[in-house]
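Visitor: Listed below are the residues making up each chain.
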Amino acid sequence: MAIPARRRAADIAAFAFATAATLFGLFWLAWILWTTMRQGAAALTPQLFREMTPPPGSSGGLLNAFYGSAVMISLGVVIGTPIGIAAGTYLAEHGRYTRLAAVVSFLNDILLSAPSIVIGLFIYTLVVRSMGHFSGLAGALALAMILLPIVVRTTEESLRLIPDTMREAGFALGLPRWRVTRQILYKAALSAILTGVLLGVARIAGETAPLLFTALNNQFWSSSLNAPLANVPVVIFQYAMSPYDEWHTLAWAGAFVLTAFVLVLNVLVRLLARKGKQR
Amino acid sequence: MNATPARSFESASTPDRRSGARADRLFQLITAGAAIFVLLILGGTAASMAWGGRLAFKTFGWRFITDPTWDAVGGHFGALVPIYGTLVTSAIALIIAVPVSIGIALFLTDIAPRWTRGPIAIAIELLAAIPSIIYGMWGLFVFAPFMATHVEPWLSNHLGTNAVLAPLFSGPPIGIGMLTAGIVLGIMVIPFIASVAREVFSAVPPPLRESAVALGSTRWEILSRVTLPYTRSAVIGAIFLGLGRALGETMAVTFVLGNAHDLSASLLMPSNSIAAAIANEFTEADTDLYRSSLIALGFLLFVVTFIVLTIAKLLLLRINKQMGRTH
Numbered sequence: 001m002a003i004p005a006r007r008r009a010a011d012i013a014a015f016a017f018a019t020a021a022t023l024f025g026l027f028w029l030a031w032i033l034w035t036t037m038r039q040g041a042a043a044l045t046p047q048l049f050r051e052m053t054p055p056p057g058s059s060g061g062l063l064n065a066f067y068g069s070a071v072m073i074s075l076g077v078v079i080g081t082p083i084g085i086a087a088g089t090y091l092a093e094h095g096r097y098t099r100l101a102a103v104v105s106f107l108n109d110i111l112l113s114a115p116s117i118v119i120g121l122f123i124y125t126l127v128v129r130s131m132g133h134f135s136g137l138a139g140a141l142a143l144a145m146i147l148l149p150i151v152v153r154t155t156e157e158s159l160r161l162i163p164d165t166m167r168e169a170g171f172a173l174g175l176p177r178w179r180v181t182r183q184i185l186y187k188a189a190l191s192a193i194l195t196g197v198l199l200g201v202a203r204i205a206g207e208t209a210p211l212l213f214t215a216l217n218n219q220f221w222s223s224s225l226n227a228p229l230a231n232v233p234v235v236i237f238q239y240a241m242s243p244y245d246e247w248h249t250l251a252w253a254g255a256f257v258l259t260a261f262v263l264v265l266n267v268l269v270r271l272l273a274r275k276g277k278q279r
Numbered sequence: 280m281n282a283t284p285a286r287s288f289e290s291a292s293t294p295d296r297r298s299g300a301r302a303d304r305l306f307q308l309i310t311a312g313a314a315i316f317v318l319l320i321l322g323g324t325a326a327s328m329a330w331g332g333r334l335a336f337k338t339f340g341w342r343f344i345t346d347p348t349w350d351a352v353g354g355h356f357g358a359l360v361p362i363y364g365t366l367v368t369s370a371i372a373l374i375i376a377v378p379v380s381i382g383i384a385l386f387l388t389d390i391a392p393r394w395t396r397g398p399i400a401i402a403i404e405l406l407a408a409i410p411s412i413i414y415g416m417w418g419l420f421v422f423a424p425f426m427a428t429h430v431e432p433w434l435s436n437h438l439g440t441n442a443v444l445a446p447l448f449s450g451p452p453i454g455i456g457m458l459t460a461g462i463v464l465g466i467m468v469i470p471f472i473a474s475v476a477r478e479v480f481s482a483v484p485p486p487l488r489e490s491a492v493a494l495g496s497t498r499w500e501i502l503s504r505v506t507l508p509y510t511r512s513a514v515i516g517a518i519f520l521g522l523g524r525a526l527g528e529t530m531a532v533t534f535v536l537g538n539a540h541d542l543s544a545s546l547l548m549p550s551n552s553i554a555a556a557i558a559n560e561f562t563e564a565d566t567d568l569y570r571s572s573l574i575a576l577g578f579l580l581f582v583v584t585f586i587v588l589t590i591a592k593l594l595l596l597r598i599n600k601q602m603g604r605t606h
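Chains as they are written, first to last, in my numbering: chain E, 1 to 279; chain G, 280 to 606.
A hint or two may mislead.
To be verified - Covered by chain G, according to a simulated footprint, are these stretches of chain E (three or more residues, beta-carbon under 8 angstroms):
#: 1; segment: 12 to 23
#: 2; segment: 51 to 64
#: 3; segment: 209 to 216
#: 4; segment: 263 to 269
As the list claims (entries may be wrong) - Residues of chain E placed beyond 10 angstroms of chain G at every Cβ, according to the derived structure:
#: 5; residue: 36
#: 6; residue: 133
#: 7; residue: 149
#: 8; residue: 192
Claimed, not checked - Under 10 angstroms between C-beta atoms, here's a sample of chain E residues computed to sit facing chain G:
#: 9; residue: 94
#: 10; residue: 112
#: 11; residue: 124
Calculated from the structure, these hints are not laboratory results.
Cβ atoms here follow ideal geometry from the backbone N, Cα and C, with glycine treated the same way.
Assemble the whole structure, with the sequences as input and the hints as a guide.
Guide: Spelled out as structure tokens, the structure:
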């Protein structure tokens, strides 16, 4: 039985639209990546990793910014991960079926999508104002606040995926609950939680808005957490918005390194996660 | 002889069990404390901004929301322009992102050859992984000039002469403005809506789709009469999720919106958004009232995104329940 022409036309139109929509999405990805690669590769020099951010009109590198970003991201992970894992454990294990866990789980998802600039304002009010100045510590705290809900979510989800028989096996051996969690469940969920943390790192590496008024920026080498700290995203922002060509070039170089880092991390994590699933 | 080992077994296990129970309670407390910490962050964010913005709210009252004047020198602040810019750019973003995302979800669940689905899905998700500052730079240096030379002249020549659309598409083609910002936002929001839509599309029970196929439905009819009605609440939830993202997006918008505090109906004109105003001006705010007004803007943004994201989450929870998932 032949399908009437009108219905067939609608079907073909839907088919064509869906294909076009996918191409549309991929087109922007390709365009953005191509621009970043072309502009960034041209600006990539050994100087970039050896010299400090320059004053207007002269050449230089981004060494202090790379260093500052690395410090703040690491510190953010060190602060955010344990709290996130503990909270995720409460949601999935120790507080399962409690009202508190239900509320936190709900609000955590909102925190996950909340505008990051608002987190920056929060840390500004909390830390920068009481310290009296911008600091790398405040920047790291802001990044930790953004990482936290990501870790909570992945910990909760990966713990929930573990079958109850594993827990029962632990209890049958007479293990107290916390040892079941620590020695059995964390081991089973380790790779999934790690995946979440790495995706979280990829996310906070590019965060700019929360650093604008916490870590601010620093044109010079500084390793003090108690002073404004240079970082890649804010340098990119300031340099891209400036009228100087040298600064634009450096901004593209920073953008290239940042994008490459984030994308490689994302793709690697996804490949690893899929491999883990197949096993 | 029999009794001794039994007793020693008991005496050995009792303190151990007791300390186990104590450790259990401690572990419970630590994890509960961490969970409460999440609440504290959210509550603290809201409270700190309500507190920081109180000077602005007290000085300007409700007029803060309806007043279009933003005069840093004169110390007079009204939030209408940033609010308007935020809403308009987010609306443009959704107009672009919603149909495209549903198309992508349909393509990935029904049309694409099976082996290409994984890679294409990852590629679309990478759109969400690209840092927003990269979108901003690309928008400023590549996309805005492209809009200024190729798209906007055409728009103002063709649509700018139309009686109804003229106010929306008049003005000089400078590339930076609400239309450009809205398009960039739309691209950024696509992966969020598409990934949820794809997930729920592929979770539609096969018997439903098979019944439709057995009745002779075309793919379009399956989508419009089975898949979409069945997943409606989740798709709307995904759209609200995307809206929440679009409202709060900062860096990309800051680059391409132009930071202008003039109220203008034309989509080709520069404007401002709440997030962009805060990002641009916060470190330069030199008076208490100025800073407080910016924090008050942040408070408004937080409240609106909180409501939008709550609606999104409730709608998404509903479909999870429907599909028998518990979380």
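Visitor: Each of the hints needs a verdict: does it hold here or not?
Guide: Evaluation of the provided hints:
1. Note: the segment 12 to 23 of chain E has 9 residues with beta-carbon separation from chain G under 8 angstroms; the three-residue rule is met and the coverage holds.
2. Counting residues of the segment 51 to 64 of chain E whose beta carbon lies closer than 8 angstroms to any beta carbon of chain G gives 0, which falls short of the minimum of three for the stated coverage.
3. Check on the segment 209 to 216 of chain E: 4 of its residues sit with their Cβ under 8 angstroms from a Cβ of chain G, so the three-residue criterion for coverage holds.
4. Here's how the segment 263 to 269 of chain E fares: 3 of its residues keep a CB closer than 8 angstroms to some CB of chain G, so the rule of at least three is met and the hint holds.
5. The beta carbon of residue 36 (chain E) sits about 6 angstroms from the closest Cβ of chain G, which is not more than 10 angstroms, so the claim that it is off the interface is violated.
6. Chain G leaves residue 133 (chain E) outside its interface by the beta-carbon criterion, the shortest separation being 12 angstroms against a cut-off of 10 angstroms.
7. Annotated as non-interface, residue 149 (chain E) brings its C-beta within 10 angstroms of a C-beta of chain G; the closest such distance is 7 angstroms.
8. The Cβ of residue 192 (chain E) lies farther than 10 angstroms from every Cβ of chain G, with a closest approach of about 15 angstroms, so its non-interface assignment holds.
9. With a cut of 10 angstroms, the hint placing residue 94 (chain E) at the interface with chain G holds, because the nearest CB-to-CB distance is about 5 angstroms.
10. Among the interface hints, the one on residue 112 (chain E) holds; its C-beta lies about 9 angstroms from the nearest C-beta in chain G, closer than the 10 angstroms criterion.
11. About 8 angstroms separates the beta-carbon of residue 124 (chain E) from the nearest beta-carbon of chain G, less than 10 angstroms, and the hint is met.
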